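Starting from the given sequences, assemble the full structure and let the hints guide the process.
Here the protein sequences come in this chain order: A and B.
Residues in the first sequence are numbered consecutively from 1, following UniProt numbering.
Residues in the second sequence are numbered consecutively from 1, following UniProt numbering.
Hints are not guaranteed to be accurate.
Interface residues of chain A toward chain B, partial, derived using beta-carbon atoms under 10 Å [unchecked claim]: (1) Ala157; (2) Arg161; (3) Ser217; (4) Val255; (5) Leu256; (6) Gln269; (7) Asp392.
Don't read these hints as lab results, they were simulated from the structure.
Keep in mind that this is a model prediction, so the values were computed, not measured.
Even for Gly, the Cβ is constructed at its ideal location relative to N, Cα and C.
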Amino acid sequence: MIHTISLGTHVLAQGTFIRKLGDGRIEIDTGGQRLAGTPVAGPLSAPRSGSPLRRLMSAPRWKGGLFAALSAIPLAFAAATAPRAQEASEILNVSYDPTREFYRQYNTLFRDWWASQGHEEVTLRQSHGGSGGQARSVIDGLEATVVTLALSADISAIAERTGKIPADWQTRLPHNSSPYTSTIVFLVRDGNPKAIADWDDLTRDDVQVITPNPKTSGGARWNFMAAWAWALKEHDGDEQAARDYMTALFHNVPVLDTGARGATNTFTQRGIGDVLLAWENEAFLALAEQGDAAFDIVVPSVSVLAEPPVTLVDGNIRSDAQRAAAEAYLTHLYSPEAQALALRNFYRAWDTSAASEEDISRFPAVERLSIDAFGGWALVQPTFFGDGGVFDQIYEGQ
Amino acid sequence: MRAGYLSAPSPLPGFGLSFGITISILSITVLLPIAALVGHGLGIGAADLWEVISARRIRAALALSFRAALAASVFNLVFGLALAWALVRYRFWGRRLIDAAIDLPFALPTAVAGIALTALYAPSGVFGQLLSPLGIQIAYTETGIWLALIFIGLPFVVRTVQPVIEEIDREVEEASATLGARRTYTLRRVILPMLTPALLTGFALALARSFGEYGSVIFIAGNLPFQTEIAPLLIVIRLEEYNYDAATAIGLAMLLISFAMLLTINAIQIWSRRRIGNV
Numbered sequence: 001m002i003h004t005i006s007l008g009t010h011v012l013a014q015g016t017f018i019r020k021l022g023d024g025r026i027e028i029d030t031g032g033q034r035l036a037g038t039p040v041a042g043p044l045s046a047p048r049s050g051s052p053l054r055r056l057m058s059a060p061r062w063k064g065g066l067f068a069a070l071s072a073i074p075l076a077f078a079a080a081t082a083p084r085a086q087e088a089s090e091i092l093n094v095s096y097d098p099t100r101e102f103y104r105q106y107n108t109l110f111r112d113w114w115a116s117q118g119h120e121e122v123t124l125r126q127s128h129g130g131s132g133g134q135a136r137s138v139i140d141g142l143e144a145t146v147v148t149l150a151l152s153a154d155i156s157a158i159a160e161r162t163g164k165i166p167a168d169w170q171t172r173l174p175h176n177s178s179p180y181t182s183t184i185v186f187l188v189r190d191g192n193p194k195a196i197a198d199w200d201d202l203t204r205d206d207v208q209v210i211t212p213n214p215k216t217s218g219g220a221r222w223n224f225m226a227a228w229a230w231a232l233k234e235h236d237g238d239e240q241a242a243r244d245y246m247t248a249l250f251h252n253v254p255v256l257d258t259g260a261r262g263a264t265n266t267f268t269q270r271g272i273g274d275v276l277l278a279w280e281n282e283a284f285l286a287l288a289e290q291g292d293a294a295f296d297i298v299v300p301s302v303s304v305l306a307e308p309p310v311t312l313v314d315g316n317i318r319s320d321a322q323r324a325a326a327e328a329y330l331t332h333l334y335s336p337e338a339q340a341l342a343l344r345n346f347y348r349a350w351d352t353s354a355a356s357e358e359d360i361s362r363f364p365a366v367e368r369l370s371i372d373a374f375g376g377w378a379l380v381q382p383t384f385f386g387d388g389g390v391f392d393q394i395y396e397g398q
Numbered sequence: 001m002r003a004g005y006l007s008a009p010s011p012l013p014g015f016g017l018s019f020g021i022t023i024s025i026l027s028i029t030v031l032l033p034i035a036a037l038v039g040h041g042l043g044i045g046a047a048d049l050w051e052v053i054s055a056r057r058i059r060a061a062l063a064l065s066f067r068a069a070l071a072a073s074v075f076n077l078v079f080g081l082a083l084a085w086a087l088v089r090y091r092f093w094g095r096r097l098i099d100a101a102i103d104l105p106f107a108l109p110t111a112v113a114g115i116a117l118t119a120l121y122a123p124s125g126v127f128g129q130l131l132s133p134l135g136i137q138i139a140y141t142e143t144g145i146w147l148a149l150i151f152i153g154l155p156f157v158v159r160t161v162q163p164v165i166e167e168i169d170r171e172v173e174e175a176s177a178t179l180g181a182r183r184t185y186t187l188r189r190v191i192l193p194m195l196t197p198a199l200l201t202g203f204a205l206a207l208a209r210s211f212g213e214y215g216s217v218i219f220i221a222g223n224l225p226f227q228t229e230i231a232p233l234l235i236v237i238r239l240e241e242y243n244y245d246a247a248t249a250i251g252l253a254m255l256l257i258s259f260a261m262l263l264t265i266n267a268i269q270i271w272s273r274r275r276i277g278n279v
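Take a look at the structure:
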């Protein structure tokens, strides 16, 4: 039976009913694409504001881009039905370090789901490395189909330098194109022997802090901005005081690894430092791998809303079939199953409808400031991490 | 060089073919990348290049890279000579095993070497645990960088000196002894002069190699600006900032320094040959 659902103020989708999601929404199959939304009864009515979907998709940004993307997908499928049989699709997902485990599982999930929709099988390949280095590889010609990097500045760099991605890429998918988010937390030794509770403890003389180099690591830039967010709040917006805090903080850093995984290893394997500033998902992963007995997670009072975005590299798309598969690969990240998978891999995903209670309740409440509070990455990147920026000044001044 | 020297028929056949192959391979693998670097550098302009290189942080990194490479290579010069001497002159159990192990730094990925050294010398490592109560820290300090560079530079000295030691006629030493020279005198005035050219070559190779080393050092150095940040890391950092010009400038500076080092060592070689005669 065909149902009509509304995805926002202006977007409707039609398809076969699959199931009820339990929160008033239903899931439908539009012929290759599973969508969830509020069912529309009779004439078009705007969805209730504050419904889960309104929260899921912020309307103003989403209108243009997602409308085009979503409506294009079923069309593309219809058009691609005939030649698809001959064209083997391949998707190369160029990602950053800590997503290795998540995307390995997601690829299996997507491959099965894609096949169950009656499509030609796709070959999925993934590549991992430091976020900045991965972006540079794509700029230098790596044929990425989709990029899933640590921060939007890296994807914007690709857009700016190659033109293979449109400038407004971040409005193409919901939530700033971030299907999952994370934050920055402290990983401390078992029992928290140095009694580290919040950011101000990190500048104590007896505390050594491990964080990677923000110049080479995307995760480290989130670390830096989380500390900056706290310092600015603590000192009522006094920038000089925040700079002094950052200088004192980096004075306590004995090793600057080039990547987030390297820093995690320095802390967990080499036993250096008292506290590791880490992605929340990396911290949980370290706990899972090393056993709960070795480390504790400390959640600071203020942190950042870390949004690792995803997008299609339009300039590298070779065929309609490939585009359809790649777009589905990204939009399916927002499906309840994929969101549950992200939650299981310690990412804070948006849709908890298919996740287990254990995976949802794991995340402690924390005030997460958006990077937009500091002007967005377009401003933050050059001001803080560019040549001669705030980070360089910390060391130049010593 | 006389005009038409290259095209002059050589008494040996196959000159054209072998010369052609040599030049093609050399161009593709060595000359073109360096020319690209220099070409990009020329496009930047001398003033901008100098501005990048003369920054305090770049100078500190270049100085550190040079200092550590020099220290490691001098160590390798002495230790490598002793090692090569022992391997050639003495027969002992496990000699072949040690001889084979010398090549390991060539074969092992440098990253593996760096990680292994860090694991051993970090405060929680096997050696680090013994040293840290004494207040000695090796990993994440400049000493750690020396250690990594010693590791990768050692085979260069050993492998260039070893064949020369094998070639030394025992009769020369015996003649020296029968003429009344003491052992140290024979070593100093007879053996060492014969080994000097090979030693200098090995030293130059080790120095040039360790000056530009990245893979192994990056793991054991703390990578702190002004303290343990090596010049190749700064190139990577500049690339991360998409600042290709600054990266080129540092690359060119390193190329020039390497070139100057090799030139100096060659000059010393020529000078020593003149002084002690061509051996």
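Can alanine 157 (chain A) be said to touch chain B, with a Cβ gap under 10 Å?
Status holds, d = 6 Å.
Min Cβ distance, leucine 256 (chain A) to chain B: is it shorter than 10 Å?
Since the shortest Cβ distance to chain B is 4 Å, the answer is holds.
Status of the hint placing aspartate 392 (chain A) at chain B (closest C-beta pair under 10 Å):
8 Å, holds
Using Cβ atoms only, decide whether arginine 161 (chain A) comes closer than 10 Å to chain B, and label the hint accordingly.
7 Å, holds
With chain B as the partner, please determine if serine 217 (chain A) meets the hint condition of a C-beta pair closer than 10 Å.
Constraint on serine 217 (chain A) satisfied, holds at 9 Å.
Supplied contact hint for valine 255 (chain A), tested at 10 Å Cβ to chain B
4 Å, holds
Checking hints one by one. Is glutamine 269 (chain A) an interface residue toward chain B, by the C-beta closer than 10 Å rule?
For glutamine 269 (chain A), the interface hint holds, since the closest Cβ of chain B sits about 7 Å away, which is under 10 Å.
Consistency with the previously given hints is maintained throughout, with no hint failing.
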